[in-house]
Amino acid sequence: GAVVSQHPSWVICKSGTSVKIECRSLDFQATTMFWYRQFPKQSLMLMATSNEGSKATYEQGVEKDKFLINHASLTLSTLTVTSAHPEDSSFYICSARDWSSGGGADTDTQYFGPGTRLTVL
Amino acid sequence: QKEVEQNSGPLSVPEGAIASLNCTYSDRGSQSFFWYRQYSGKSPELIMFIYSNGDKEDGRFTAQLNKASQYVSLLIRDSQPSDSATYLCAVNPNTDKLIFGTGTRLQVFP
Chain B
1 GAVVSQHPSW VICKSGTSVK IECRSLDFQA TTMFWYRQFP KQSLMLMATS
51 NEGSKATYEQ GVEKDKFLIN HASLTLSTLT VTSAHPEDSS FYICSARDWS
101 SGGGADTDTQ YFGPGTRLTV L
Chain Z
122 QKEVEQNSGP LSVPEGAIAS LNCTYSDRGS QSFFWYRQYS GKSPELIMFI
172 YSNGDKEDGR FTAQLNKASQ YVSLLIRDSQ PSDSATYLCA VNPNTDKLIF
222 GTGTRLQVFP
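Respectively, the protein sequence lines represent chains B and Z.
So the first sequence is residues 1 to 121, counted in the numbering used here.
So the second sequence is residues 122 to 231, counted in the numbering used here.
Don't take every hint at face value.
Derived DSS-like pairs: lysine-lysine, alpha-carbon spacing no greater than 27 Å straight-line [claimed, not checked]: (1) Z:177 - B:66; (2) B:66 - B:14; (3) B:41 - Z:218.
Chain B stretches covered by chain Z per the calculated footprint, using a threshold of three residues with CB under 8 Å from any CB of chain Z [to be verified]: (4) 15-26; (5) 109-117.
None of these hints come from the bench; they were simulated from the model.
The structure presented is a predicted model; accordingly, all values stated were derived computationally and were not measured.
For every residue, glycine included, the Cβ atom is placed at its ideal position computed from N, Cα and C.
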């Protein structure tokens, strides 16, 4: 259980174009999803929290007009990188919250999608 | 600022040995703690979570939590070369976000 998919797994685009990445929770409903970015050999960086039916919450320094997030259903969140530039080339990873049981208590847990590698030429 | 600290490594252990990965956190009110494994070029995958003081075992993995000392550790018994990866400690400080450490790179050599 708790499977998260992302599409596409990789994309190459020209500078100035927009790219949409989809994140789906396949076997559970996720009211909250998260978008991360990771540059080579660096840590995960949280970009934004995506809440179903409401506006996303962006981390400090992340341009909300450049990284558009839509969480239209309980199983789908999308990230659109608008007017992409080479510096936006990165590994974009989503995660979705689900409740896990272990040892008699429930804990909300983040499960990650496989990631999308974006290369902007 | 809420922080999660990990030694970046690499931690090198021989095959069959026990690998011990440590993590400290700053927010004393944190309630749940997670260990993720990330292979190079891949996304993180959940290994286990723990929320009570003490040990929690799952196969070759044991998570240990000490809230008084604000540390959480992960032990990997009978380490295998396939365990070579970066291990991320994550803490939920009672918000909807996880705070991640920078990860410890583990190398298991034959």
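Consistency of the hints with the structure:
1. Among the hinted pairs, residue 177 of chain Z with residue 66 of chain B is inconsistent with the structure: their alpha-carbon atoms are about 43 Å apart, more than 27 Å.
2. Of the supplied pair hints, the one linking residue 66 of chain B and residue 14 of chain B holds, its CA atoms being roughly 16 Å apart against a limit of 27 Å.
3. Restraint check for residue 41 of chain B and residue 218 of chain Z: the C-alpha separation of about 22 Å stays at or below 27 Å, so the hint holds.
4. By the rule of at least three residues with a Cβ nearer than 8 Å to a Cβ of chain Z, the coverage given for the stretch 15-26 of chain B is violated, with 0 such residues.
5. Look at the stretch 109-117 of chain B against chain Z: 7 of its residues bring a Cβ nearer than 8 Å to a Cβ of that chain, three or more, so the hint holds.
The structure fails to meet hints 1 and 4 from the earlier list, while all remaining hints are met.
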